[in-house]
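Everything in the sequence shown is counted per the numbering used here, starting at 157 for the first residue and increasing by one.
A couple of the hints might just be wrong.
In silico SDA-like links for lysine to any residue, alpha-carbon gap of 20 Å or less [stated by the list, open to error]: (1) K282 to F267; (2) K218 to P307; (3) K218 to S316; (4) K208 to K321; (5) K282 to A225; (6) K227 to P266; (7) K227 to L241; (8) K319 to I305; (9) K218 to P266; (10) K319 to E209; (11) K227 to E209; (12) K321 to T216; (13) K321 to G250; (14) K321 to P307; (15) K319 to P266; (16) K208 to G327.
Ranges of calculated distance between the beta carbons of each label pair, as one might list FRET restraints [stated by the list, open to error]: (17) E195 to G327: 19 to 25 Å; (18) P323 to S185: 50 to 56 Å; (19) S185 to P211: 21 to 27 Å; (20) L187 to K218: 45 to 51 Å; (21) E222 to S185: 48 to 54 Å; (22) E308 to N186: 51 to 57 Å; (23) G285 to G188: 31 to 37 Å; (24) Q240 to A198: 22 to 28 Å; (25) Q197 to P281: 22 to 28 Å.
No wet-lab data here; the hints were simulated from the structure.
All C-beta atoms in this analysis are idealised placements derived from N, C-alpha and C, irrespective of residue type, glycine included.
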Amino acid sequence: MRYSSFLPALAVFGLAACSAAFAQAPGYSNLGRTPSKEEIQAWNQSIGPQGKELPPGSGTAKQGEEIFASKCAACHGANGEGSQLAPRLVGGRGPLNTPTPSRTLANYWPFATTIWDYINRAMPPKQEGSLSGSDIYALTAFILYRNDIIPEGQVLDAASLPKVKMPNRDGFIPDRLEDIHSLRARGCNAGHCP
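Start from the sequences, fold in the hints, and give me the full structure.
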């Protein structure tokens with residue numbers, strides 16, 4: 157027999173096998189639901205570097221110290237030094253252009269608004285969303301103060317937080333590669349630029 161005579165039989169066998177598998181697949185009716193517009197909007201909130209999306213509220217490092225002691229110190233250590241449960245939040249500055257860069261919050265995070273956003277989305281574990289906007293501003297202020305980025309008495313809110321300049325802010329690639337004028341610095345090779 158020639159190979160071409162097997163193709164129609166093979167195709168029929170393949171369709172039969174797929175049909176049988178599909179017929180045996182469990183039905184998933186009544187599983188889950190489409191989220192409402194309000195649920196999507198509540199979930200789909202991110203805080204950009206300019207902080208346009210920040211909510212009302214305010215806080216200081218002094219207020220944040222109390223919240224940190226009750227909600228964060230068990231994992232991050234009493235002084236933010238980190239533990240086996242969570243990374244350090246204080247210290248660890250150094251260059252990023254080494255084989256082992258220090259990827260701590262003060263050294264590696266380019267925008268202070270990212271701290272607010274991360275706390276809001278992920279902290280404390282298994283209690284995400286339990287902190288008020290003012291609690292998060294206070295915790296952010298405490299962490300920034302402990303890293304010698306802001307003074308203890310500075311009030312953080314939606315207007316002041318985006319203005320905080322992180323220590324290594326200029327050590328990152330700009331938002332737009334066009335802002336790098338040197339073609340060599342942009343990584344251009346043989347006339348092809350990223």
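Out of the numbered hints, which ones does the structure contradict?
Hints 1, 6, 9, 11, 16, 17, 19, 23 and 24 contradicted; others consistent.
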